[in-house]
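> Model the placement of chains B and C on the given structure of chain A, informed by the hints.
Protein chains in written order, with this note's numbering: chain A, 175 to 821; chain B, 198 to 536; chain C, 2 to 206.
Keep in mind that the hints were calculated from the coordinates and are not lab data.
Note that beta-carbon positions come from the ideal geometry of N, C-alpha and C, so glycine has one too.
Some hints here could point you the wrong way.
Stated by the list, open to error - Chain A is faced by these chain C residues, among others (derived, beta-carbon under 7 Å):
1) ARG5
2) THR17
3) LEU25
4) PHE50
5) ALA133
6) VAL154
7) VAL158
8) PRO193
9) TYR195
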Amino acid sequence: MTPAEKAKAPPAKVPRDGPDLTGPELEARLQRTWARPRGLIGWLSSVDHKEIGVRYIVTALIFFAMAGLLALHMRLQLARPESNLMTPELYNETFTMHGSTMMFLFAVPVMQGMQIYLTPLMVGTRNIAFPRLTAFSYWMYLSGGLMLWIAHVLNVSPDNGWFSYMPLAGPQYSPGERANIWAQMITFTEVAGLAVAVTLTTTILKQRAPGMTLARMPIFAWSTLVTSVMVIFALPAIALVSGMLISDHSVGTQFFNPAENGDALLWQHLFWFFGHPEVYIIFLPATGFVSEIVTTFSRRSIFGYSVVVMSLVGTGILAFGLWVHHMFATGLPCVGYSFFTAASMSVAIPTGLQLFCWIATMWEGRPRLTVPMLYVIGFVITFVIGGLSGVIIAAVPLDLQLTDTYFIVAHLHYVLIGGAVFPLLGAITYWFPKVSGRMMSERMGKISFWTIFLGFQLAFFPMHISGLMGMPRRVFTYPAGMGLELPNMLSTIGAFVVGAAVLLFVINVLNSLFRGAPAGPNPWDAPSLEWAASSPPGPYNFAHIPVVESRTPLWDGEDSLRVVHGLRVDEPELLLTTVISATPDLREPGVAPSLWPFLSTIAVAVAFVCSIFSPWALAFGAVPVGIALTAWFWPKTPSGDGDPVIV
Amino acid sequence: MKPSRFTAIVVAGIAISSCGGIQTALGGQAVQSSDFVTLFTVFMVVCTIMYFVIVGATIWAVLRRRRGSEACTVETGKHKVSTSASRTALVAWTTLIAVGLSALAVASFFTDRSLAAAARNPKLAITVTANQWWWDVQYTPDEPSHIIRTANELHLPVGVPAEITLKSNDVIHSFWIPNLAGKQDVIPGRVTDAQILPRHIGQYRGQCAEFCGAEHTNMALDVTVESIADFKKWAAAQLQPAAAPTTPLAAAGFNYVTTRQCSVCHNITGTPANGQLGPDLTHLASRKTIAAGTLPLTTGNLYGWVADPQSQKPGSNMPTMQIAPQDLHAIVAYLETLK
Amino acid sequence: MSLRPVFADNVSELPTSGFSHRSLTWWGVIGFMAIEGTGFALVFATYFFLMSHEQHWAPQPLQPPNPLAGTLFTIVILASEIPNTMIKKAAVKYDLATVRRLLPWMVAIPLLLFVLRGFEFNSLNVNWYDNAYGSVLWALLVLHTTHIGTDWVDTVVLCRLMMTPHGEAPRRFSDIDENSLYWRFVWLAWLPIYLLIYLVPRLFR
Numbered sequence: 175m176t177p178a179e180k181a182k183a184p185p186a187k188v189p190r191d192g193p194d195l196t197g198p199e200l201e202a203r204l205q206r207t208w209a210r211p212r213g214l215i216g217w218l219s220s221v222d223h224k225e226i227g228v229r230y231i232v233t234a235l236i237f238f239a240m241a242g243l244l245a246l247h248m249r250l251q252l253a254r255p256e257s258n259l260m261t262p263e264l265y266n267e268t269f270t271m272h273g274s275t276m277m278f279l280f281a282v283p284v285m286q287g288m289q290i291y292l293t294p295l296m297v298g299t300r301n302i303a304f305p306r307l308t309a310f311s312y313w314m315y316l317s318g319g320l321m322l323w324i325a326h327v328l329n330v331s332p333d334n335g336w337f338s339y340m341p342l343a344g345p346q347y348s349p350g351e352r353a354n355i356w357a358q359m360i361t362f363t364e365v366a367g368l369a370v371a372v373t374l375t376t377t378i379l380k381q382r383a384p385g386m387t388l389a390r391m392p393i394f395a396w397s398t399l400v401t402s403v404m405v406i407f408a409l410p411a412i413a414l415v416s417g418m419l420i421s422d423h424s425v426g427t428q429f430f431n432p433a434e435n436g437d438a439l440l441w442q443h444l445f446w447f448f449g450h451p452e453v454y455i456i457f458l459p460a461t462g463f464v465s466e467i468v469t470t471f472s473r474r475s476i477f478g479y480s481v482v483v484m485s486l487v488g489t490g491i492l493a494f495g496l497w498v499h500h501m502f503a504t505g506l507p508c509v510g511y512s513f514f515t516a517a518s519m520s521v522a523i524p525t526g527l528q529l530f531c532w533i534a535t536m537w538e539g540r541p542r543l544t545v546p547m548l549y550v551i552g553f554v555i556t557f558v559i560g561g562l563s564g565v566i567i568a569a570v571p572l573d574l575q576l577t578d579t580y581f582i583v584a585h586l587h588y589v590l591i592g593g594a595v596f597p598l599l600g601a602i603t604y605w606f607p608k609v610s611g612r613m614m615s616e617r618m619g620k621i622s623f624w625t626i627f628l629g630f631q632l633a634f635f636p637m638h639i640s641g642l643m644g645m646p647r648r649v650f651t652y653p654a655g656m657g658l659e660l661p662n663m664l665s666t667i668g669a670f671v672v673g674a675a676v677l678l679f680v681i682n683v684l685n686s687l688f689r690g691a692p693a694g695p696n697p698w699d700a701p702s703l704e705w706a707a708s709s710p711p712g713p714y715n716f717a718h719i720p721v722v723e724s725r726t727p728l729w730d731g732e733d734s735l736r737v738v739h740g741l742r743v744d745e746p747e748l749l750l751t752t753v754i755s756a757t758p759d760l761r762e763p764g765v766a767p768s769l770w771p772f773l774s775t776i777a778v779a780v781a782f783v784c785s786i787f788s789p790w791a792l793a794f795g796a797v798p799v800g801i802a803l804t805a806w807f808w809p810k811t812p813s814g815d816g817d818p819v820i821v
Numbered sequence: 198m199k200p201s202r203f204t205a206i207v208v209a210g211i212a213i214s215s216c217g218g219i220q221t222a223l224g225g226q227a228v229q230s231s232d233f234v235t236l237f238t239v240f241m242v243v244c245t246i247m248y249f250v251i252v253g254a255t256i257w258a259v260l261r262r263r264r265g266s267e268a269c270t271v272e273t274g275k276h277k278v279s280t281s282a283s284r285t286a287l288v289a290w291t292t293l294i295a296v297g298l299s300a301l302a303v304a305s306f307f308t309d310r311s312l313a314a315a316a317r318n319p320k321l322a323i324t325v326t327a328n329q330w331w332w333d334v335q336y337t338p339d340e341p342s343h344i345i346r347t348a349n350e351l352h353l354p355v356g357v358p359a360e361i362t363l364k365s366n367d368v369i370h371s372f373w374i375p376n377l378a379g380k381q382d383v384i385p386g387r388v389t390d391a392q393i394l395p396r397h398i399g400q401y402r403g404q405c406a407e408f409c410g411a412e413h414t415n416m417a418l419d420v421t422v423e424s425i426a427d428f429k430k431w432a433a434a435q436l437q438p439a440a441a442p443t444t445p446l447a448a449a450g451f452n453y454v455t456t457r458q459c460s461v462c463h464n465i466t467g468t469p470a471n472g473q474l475g476p477d478l479t480h481l482a483s484r485k486t487i488a489a490g491t492l493p494l495t496t497g498n499l500y501g502w503v504a505d506p507q508s509q510k511p512g513s514n515m516p517t518m519q520i521a522p523q524d525l526h527a528i529v530a531y532l533e534t535l536k
Numbered sequence: 002m003s004l005r006p007v008f009a010d011n012v013s014e015l016p017t018s019g020f021s022h023r024s025l026t027w028w029g030v031i032g033f034m035a036i037e038g039t040g041f042a043l044v045f046a047t048y049f050f051l052m053s054h055e056q057h058w059a060p061q062p063l064q065p066p067n068p069l070a071g072t073l074f075t076i077v078i079l080a081s082e083i084p085n086t087m088i089k090k091a092a093v094k095y096d097l098a099t100v101r102r103l104l105p106w107m108v109a110i111p112l113l114l115f116v117l118r119g120f121e122f123n124s125l126n127v128n129w130y131d132n133a134y135g136s137v138l139w140a141l142l143v144l145h146t147t148h149i150g151t152d153w154v155d156t157v158v159l160c161r162l163m164m165t166p167h168g169e170a171p172r173r174f175s176d177i178d179e180n181s182l183y184w185r186f187v188w189l190a191w192l193p194i195y196l197l198i199y200l201v202p203r204l205f206r
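Extracted from the complex, chain A is given alone in its bound form:
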């Protein structure tokens, strides 16, 4: 058969799902087809989005705990004035590791991990669009994190802050490898983040269940789409600028050297062009969590769905026009500053609209105060303080006093912990039954919520005061007699309360994994498609691909679900639909487990790490990388019956 004939060949006569093959018998066969091999090689070869998603989340939470311990160390140092518990060098390394770990190794990866896990289940498909690429991205992320922390243990950790300003981080003022290690960690994590963004965008656009038009997608899927597109346009900036840092160190380029036509502010522009969208990349998925939780526990669909979607899109676009508000003190022209003040204030409007919609949903519905809802309330009470302190510093005259002080430390933690971590903890509690098949303890959940909520306020509210009272950022101590003792001591106590709360949460998770009450597919009686799969879902997610007719599919039909049928059962297969109207379009072969993503990471990681020491590593390293990638993409011998197989 010529290829043209093969393309038009009738479908092979193989077992397919349908009225003749359904129920437990179908599920057993799908289980065999989709499951990966057991053992270490099978674990390293997994391309199941659920496994990869859980790996991302667990790894990110471990980094969160490690960065949290660093924070506790700093708080012990700052509890008293003129303390010498930590040397200035150790303190500088510690705040650098804390910020870099939290931003690059926790915040974005945990959100992407949740997105990787949830997106296929929410849109009604069997896997993400590029499973091996996603597996590769996890190994790359892990490698970058390990490289950074091994450097820390070996006492060569970066020490110029998570933002690594030039020329301080350049070859003249930071000789040695620390700055390069920071920059190369960026390379690993940005490659990972970009790969996941492309995968998620494609999954949402092409693999939605039949009938799930974009206007019927869960809000969390919308937030995933918006943030993934943001990642695509924001992360290249930091990949570029960290590459410039490495090249200044290793081959002597002069990008940031004013003595040779370079400019120190080039760093800040490129970094913050990434850095501002970055914080919305962290925040918008959290608003997606809030929308899902508020919907389920108010017992009604979200009020103002279109408004929420437009707010997400609007925030995503506006986020790219704010970056200069991180540079108000640098002395750029005032006319330019006014634009960025106006833009920074206007970004509060879509966020304010989302807030309204959540509150209106609760108002119109009948809210139940389960642990996830408590985290949502805690989020509103906390995040809004951070948002309003953001409005304050959007004004240039106010920012010129408050920037680079503890007022900003307060602001950023209010928006990141209040605005992202609280919803994340609520989301973990909410989807825990789906992932594990067990419920978390409601009682312990309430205790850890109140502990972290109150501990957070105690830790971070006083920082608004110490900032106003003249305490700059990134200082390892402060003089006695300036009134800074009380706020700092309160912050230290609060930080330890937060640490205890995190420990309680982890204990709840671990305890519930083994002894939690068993959960059925839909313990919360929620409306979205992931609650139609079993808890935990089989490797194939859905026995039959569902058909969707509204935004709340599981709240429409009583105990039945419309499905399509005819997909293969003996080989992994999923359905592609059209972008706008989600009509069935193609049958796409599923991807078999593969070790090549892991092996490729080893090749890439060796090249990247060695290039810290010599640029030639990239030239030589390209060879094993090329070999690994070629082996990855080379297809296996096609099977006899004509339908293709991707391995």
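Below, chains B and C without anything else, positioned relative to chain A:
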């Protein structure tokens, strides 16, 4: 909400007590910093009201009890229905936040204009050059013979608008005296400037506010705002060359300082020591602190600093040298004469 | 699933591969083009940002790059679009013979381009370590060279693949279609870079 009301009271108490600090943004002791306090108050009032509106609405939405078929839930079959009251409230809310933000932006704009007006006719020209980790301060009037050079301190006559030109010799720093004005970054390869119009006499403290390396924490500035008469007296004293040593010990110190390593980095006007790399020491003993605010100026601290600067400020550019005890006595005795 | 399935459409007749927006990998290629395009756009922004500080660009006393090698390069790469388009058209018609005949050209032409590129590096009249102008010029050229390099490796692998029996599978033709699409991105990205390296430094002397 009880926890936030309690914290509001604590905050107010702390805030009130902080107004008397030497390094606080709430001091308002210059035109620039008092403009900040005014604008900050306006923003705080508006934002606090908005906050309680939002949190209040949330608590009310959660706590109000909707019975039976009133609620628009999946149980009553109305989970896709929304009331027109909510839709109206959405429009009202959008208008409210748009208007509120615009009003705040306008207030900010007026403050910008006020700051620009205060900067229009500076009468005192100062150049501050930031280094890792100290401040080089030069008063640069039109008359070249009246140039004053000092380090880590600033004297300002009250009521006189000053323009401070800012440069960096190495990395990015930030010049910040919160009681008087907002901060201005100091960027190598660029020249920036700050304007200060002080209104209250007093002693204040400035500090570098942009992370600049190992000893960023110890890069402070003593700021004295004084009457015009006192400022002129200070300036006149600064214009004098260094006092000649009067005791044999001080003379021995003079010999050491002006002929050995010290003179490579430090300048003492009227002596052979004219190094330009470190702070000017001509009138060191008239200052309140040494090592950029790290240590108060006392005999003991002078001993400690000269003998072993690396133990006081590790990483600073002044190396620890092996100085014999009798030389140390002489050096400190000489430095204490440099008033 | 605990919910009872109600069977709707039968999807077994749907094809298993498609071109352009129907293909998953097409979206992946679009995503990577967006990423790399953004990267290039940011380097262009860096170029103009650094230029805005200068009175002269190229800064005195440097001479602007010699345009001979770069112009030859541009002519060759634009000419390469002819076989590229022929391959793309053949791919959507599943014309394996034409694809097998023409794809080796897309392996050979970049070799000539690499030679010309080597001469271009030599014609820049500045080193990457001399100053920021040199750094950004070299950055533009190095990034684009990497661009061609990685696409060339892709094309070599694809060419080899098409010569084997794997080449008969319909899916491979969407791979060819997407590879040709990506080559268009490679020379389209080159055009503004050519202007920034060879034209702009001559405008502000």
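> For each hint given before, does the structure comply? Return the numbers of the non-compliant ones in rising order.
8 and 9
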